[in-house]
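All chains should be modelled from the sequences, with the hints used to inform the complete structure.
Residue numbers (this note's numbering), protein chains in the order written: chain A, 1 to 261; chain B, 1 to 99.
Distance ranges between label pairs, derived from CB positions:
#, chain 1, residue 1, chain 2, residue 2, range
1, B, Val-67, A, Ser-198, 49 to 57 Å
2, B, Val-67, A, Val-209, 45 to 53 Å
3, A, His-41, B, Glu-4, 29 to 37 Å
Here chain B is said to cover these stretches of chain A; the calculated rule only asks that three of the stretch's residues, wherever they fall, bring their Cβ under 8 Å from a Cβ of chain B:
#, segment
4, 19-29
5, 44-55
6, 58-72
7, 75-84
8, 104-116
Below, a sample of chain B positions facing chain A; criterion: calculated Cβ distance under 8 Å:
#, residue
9, Ile-28
10, Arg-50
11, Val-59
12, Ala-69
None of these hints come from the bench; they were simulated from the model. Every residue, glycine too, gets a C-beta built ideally from N, C-alpha and C.
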Amino acid sequence: MIELLAATPQTSTGEAVAFWCLAPIAVGAAVMILLSRKAVHSALWMATTMIVLAVLFIMQGGIFLGVVQVVVYTGAVMMLFLFVLMLVGVDASDSFVETLRAQRVAGILLGAGFGVLLMAAVSRATFPEAVGVGAANDAAGGHVEAIAEAIFTRYVFTFEVVSIVLITAAVGAMALTHKERLTPRRPQPEQSVDRIRSAHPTPHPSPGVYAQHNAVDTPALLPDGTASEASVPDELRRQGTVRYTELEAANRRADEDGERE
Amino acid sequence: MNPENYLYLSSILFVIGAVGVLVRRNAIVVFMCIELMLNASNLAFVSFARLNGNIDGQVVAFFVMVVAAAEVVIGLAIIVTIFRTRRSASVDDPNLLKL
Chain A
1 MIELLAATPQ TSTGEAVAFW CLAPIAVGAA VMILLSRKAV HSALWMATTM
51 IVLAVLFIMQ GGIFLGVVQV VVYTGAVMML FLFVLMLVGV DASDSFVETL
101 RAQRVAGILL GAGFGVLLMA AVSRATFPEA VGVGAANDAA GGHVEAIAEA
151 IFTRYVFTFE VVSIVLITAA VGAMALTHKE RLTPRRPQPE QSVDRIRSAH
201 PTPHPSPGVY AQHNAVDTPA LLPDGTASEA SVPDELRRQG TVRYTELEAA
251 NRRADEDGER E
Chain B
1 MNPENYLYLS SILFVIGAVG VLVRRNAIVV FMCIELMLNA SNLAFVSFAR
51 LNGNIDGQVV AFFVMVVAAA EVVIGLAIIV TIFRTRRSAS VDDPNLLKL
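Take a look at the structure:
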């Protein structure tokens with residue numbers, strides 16, 4: 001089927017149906033990238049657009065490119081985006097305060113004007129009868145062979161330059177995200193010695209596990225029914241988000257009231 | 001269907017990406033919109049390859065993808081560095097050079 005589509009010079013009915021099904025999805029997902037308030041939602045809509053574009057590439061005979069699109073874009077680039085989103089904070093939603101007055105309206109107007117310009121250029125241009133890449137593929141003995149021949153003969157210089165760009169980018173990313181150590185490193189032997197000297201050489205008790213929670217914010221109960229402070233992380237205690245049992249919470253409130261009096 | 005429709009779709013996607021770069025404030029979303037523009041241009045390249053019956057357009061689209069990957073790596077590294085020092089991913093906040 002794919003071979004057939006790549007070889008046919010004019011668009012078949014099947015391709016037309018696929019195009020009119022996929023193009024609205026691509027445009028809708030692209031618009032949703034702009035309209036989503038949260039960056040994670042934008043990333044998911046972006047992935048949708050990219051997969052649809054991969055299918056459109058394959059429909060036009062770019063089978064290799066379609067697979068690369070899925071592997072590189074939806075596989076690597078989008079995961080990198082999501083990874084950085086998690087680093088930066090998923091909740092970091094956009095502030096919709098305009099720093100420049102009427103920038104949004106101006107941006108949309110400029111975009112509409114640019115769109116009209118592009119559409120006019122495309123509609124006024126005369127295109128050759130679509131021949132398809134079938135003949136070019138056959139000349140090289142296959143689709144991947146044709147692409148390989150082009151990359152490693154006519155475009156070999158570009159290929160080398162692009163590989164240098166990629167290596168420079170990787171080194172640059174490492175240099176940019178490298179963080180200088182502010183405190184001296186404490187090696188493991190030193191840490192173990194400190195631990196044995198401390199008041200708590202054994203591991204801390206694990207947090208409580210109940211039928212409704214098995215989260216780290218639920219303290220373990222000691223034999224007398226009180227909560228063990230050592231079983232929840234210090235950070236949660238500082239934030240005051242430890243989930244005590246009802247009895248324990250009542251006791252704590254009573255203690256606090258007693259102290260106040 | 002006329003194969004030119006792919007070019008219309010490509011220009012629509014490019015314009016949406018351009019509007020996103022102009023309108024959105026979150027640096028990561030701005031980056032995604034740049035990726036969308038690159039993808040739209042790739043679609044145009046593949047369509048031209050099909051219209052003209054040679055493989056060169058697809059090879060150029062492949063190089064665009066590689067450059068886009070490099071650009072994403074550097075861009076996201078810059079965003080992470082800015083976020084570390086300024087605790088913000090908004091493109092409006094880094095204005096230290098402003099008088």
